[in-house]
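With the hints as extra help, turn the sequences into a complete structure.
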Amino acid sequence: MTAAAAPAASPASTGEAAGVRLARSRRNAELSLLLLAMVLVAAYAATVEANVLDTVTSDFWMPAAALGLVFLGLHLVIRWLAPFADPALLPAVALLNGIGVGFLRRYDLAKAAPADRETLAIFAGTGGRQLAWTLGAVILAAGLLAIMRDHRSLSRYAYTLGLAGIVLVMIPAVLPARFSEINNAKLWIRVGGFSIQPGEFAKLALLAFFAYYLVRKREVLSLASRRVLGIDFPRGRDLGPVLVVWIISLLVLVFEKDLGTSLLYFGMFVVTLYIATERVSWLLIGLILFFGGAYLAYLLGSTVGGPFLNFYDRAQIWLDPFAEPYDRGYQLVQGLLTLGTGGLFGAGPGGGQPTLLPEVQTDFIFAGIGEEIGLFGLSALLVVYLLVVERGLRAALAVRDSFGKLLAGGLAFTLGLQVFVIVGGISKLIPLTGQTTPFLSAGGSSLMANWLLIAVLLRVSDGARRPVTSGGPAARPSGAPPEQLHGAPTEVIRP
Amino acid sequence: MPELVITVARFGFLILLWIFVFTVVGVIRRDLFAGARSGRLVAAPRAVGASTGQAAKPAKVKRGRAAHQLVVTAGQLAGTRITLGEAQITIGRAEDSTLVITDDYASARHARLLPREGQWFVEDLGSTNGTYLDRAKVTGPTPVPLGVPIRIGRTSLELRP
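Sequence order for the protein chains is A and B.
Under the working numbering, the first residue of the first sequence is numbered 46, with each subsequent residue one higher.
Under the working numbering, the first residue of the second sequence is numbered 14, with each subsequent residue one higher.
Be aware that one or more of the hints could be misleading.
To be verified - Taking lysine to aspartate or glutamate and the DMTMM-like style, the derived pairs with C-alpha atoms no more than 25 Å apart in a straight line are:
| hint | chain 1 | residue 1 | chain 2 | residue 2 |
| --- | --- | --- | --- | --- |
| 1 | A | Lys262 | B | Asp109 |
| 2 | A | Lys262 | B | Glu16 |
| 3 | A | Lys473 | A | Asp358 |
| 4 | A | Lys262 | B | Asp117 |
| 5 | A | Lys156 | B | Asp116 |
Stated by the list, open to error - Partner residues are not named here, just some residues of chain B that face chain A (Cβ under 10 Å, in silico):
| hint | residue |
| --- | --- |
| 6 | Thr111 |
| 7 | Val113 |
| 8 | Leu146 |
Claimed, not checked - Covered stretches of chain B (in silico footprint by chain A; criterion: 3 or more residues with CB under 8 Å from a CB of chain A, positions within the stretch not fixed):
| hint | segment |
| --- | --- |
| 9 | 15-22 |
| 10 | 29-36 |
| 11 | 90-103 |
It should be emphasised that the hints constitute simulated quantities derived from the structure, not laboratory data.
For each residue, glycine too, the CB sits at the ideal point set by N, CA and C.
As structure tokens, this is what we get:
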């Protein structure tokens, strides 16, 4: 061990400092980023009021401050329960959520009578309800962090979660239309004046199950294969689970009339499979199956009709929205015109006309925001989404157990895919479907499910970045039984 | 409100938005490029010393070159890094290992790494297929120099500063 052979290790001056650098939790960076995000939300609110009211009221900062307090609470919970979690996740998501609340409040201002605008209460209207939902969702996320001290404990409930996920997906499909259908998509459970979207929670439960299932089966899926044209294809009988998920996602497509959700479930499963086996053939098989299925549904819609008609209609609108610009294509055409009005720099927060766009508070929120902040601002928001996904994938790379890798990788990808499906839909890249834009759209189910997703990512990244302070068995939370050693060969331990 | 104020607010918000994005990127910059940098940190492999000779003089190990990270360089977990502390690292297929490897040639409890006075030792825990330090099979606790691969089945691990 002579000094001559040592490489120039790091810019840090001493080994002591290097040790501290590698193990530091970076919570203070998270706090300052969070403050910056809340300053942005307040600046947005002020600009909106300057544009809409022609003056800035003395309490424009109230929603931003309320959000700031909520996120500060979560930050303190992370400091306490997950001190090594990723520092960029919370501020990035807080910014998206804050801009969403700000835009919904701006939408309320546009809808309100001019006399009432200056006195709009903080918890009033869509924006106020979204603020309340944010509070609930963040409390839920903090609760999950408190209950789940180690992401591996999730694998013990994998089959329960899988069953719960399938039941949640199926409920809207089997309920009568008046309890489950809104805007021609059967995705809801409606009780009284209250509606929840069980599919948003189902995707988390199903992903935990996929991850667990694939950790157990990855060997057989990745080793037994035939080589065709330089790509390893799996054996026929190993395709079973993929085909089952494919059929479920097609049933969702047909009976819940929602391409987005179906694409989301199927993409989620195929990518988890790809992460587990590192085989490109799964991606190819997945793409071929999905596009084949969608094309088949389109053909059946044009000839047979019936349950396939909805998908056929949507594909028609997508192919030529300007064919019926005041009828079926109205929403998409308005969305495209709105984005076009925004142009490069937008009309400025508060300068657009979101009331002209149907469903601007949910499906088309990205177009509504785009009208006011333009391409320049929208690309910033997309980069923020990209960073959140990147942090999730980074946590998946760094975590030390296969279940954690699949869970974090799959969740991060699902979030990215959902953004792709809805942003692709409103920009006419793919047929439009009623997906929510994560953290922006109005709606409690989506907000809660996505904050739970972030809580899981925070937990996995905490496990990945935490320095090893104690040996394996002691690292488990006290009182928890040892995990089963699946797949471990028995062996004779010689003294 | 004067037109000027609104224009300044409008563009100020967009600029602030991008400042936020770049600040976040700045915070995670090290992680973003961590994969690209790791190649430069590899120390030249050296001959593995006798297991007793090096253990007798741990004081020679300078703090600046002490191992701070365990990096998986090959196998299914390639790219995984573990920040080293004071505790031992257990390696194997068992779910409660510090490093869970799903390698066909790994045993449930395959090997462990333990720190003794600033030097890390690798010890085989009676595995079926053995643990190798560079080319030599590990029989007893063996000191692990920086940058020398520990091989378990298809997986390779290295200590990095």
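Okay, the hints, checked on the actual structure:
Taking the CA atoms of Lys262 of chain A and Asp109 of chain B, the gap is near 19 Å; set against the 25 Å cutoff, the hint holds. Under the criterion of a C-alpha separation no larger than 25 Å, the hint pairing Lys262 of chain A with Glu16 of chain B is inconsistent with the structure, at around 64 Å. Restraint check for Lys473 of chain A and Asp358 of chain A: satisfied, since their Cα atoms lie roughly 14 Å apart, inside the 25 Å limit. About 13 Å separates the Cα atoms of Lys262 of chain A and Asp117 of chain B, which keeps this hinted pair within 25 Å; it holds.
A threshold of 25 Å between alpha carbons decides the hint, and for Lys156 of chain A with Asp116 of chain B the separation of about 61 Å lies outside it, so the pair is violated. Satisfaction of the interface hint for Thr111 of chain B is found here, the shortest Cβ-Cβ separation to chain A being roughly 5 Å, below the 10 Å cut-off. Contact between Val113 of chain B and chain A, as hinted, is supported at the beta carbon level, the nearest pair being about 4 Å apart and thus within 10 Å. Given the 10 Å rule on beta carbons, the hint for Leu146 of chain B is violated: about 15 Å separates it from the nearest Cβ of chain A.
For a cut-off of 8 Å, the count of residues in the segment 15-22 of chain B with a CB near a CB of chain A stands at 4, and the three-residue condition holds. Residue count for the segment 29-36 of chain B with a Cβ under 8 Å from a Cβ of chain A: 7. That meets the three needed, and the coverage hint holds. Coverage of the segment 90-103 of chain B by chain A holds [criterion: at least 3 residues with CB-CB distance below 8 Å; count 13].
Figure legend: structure checked against the earlier numbered hints; hints not met, in rising order: 2, 5, 8.
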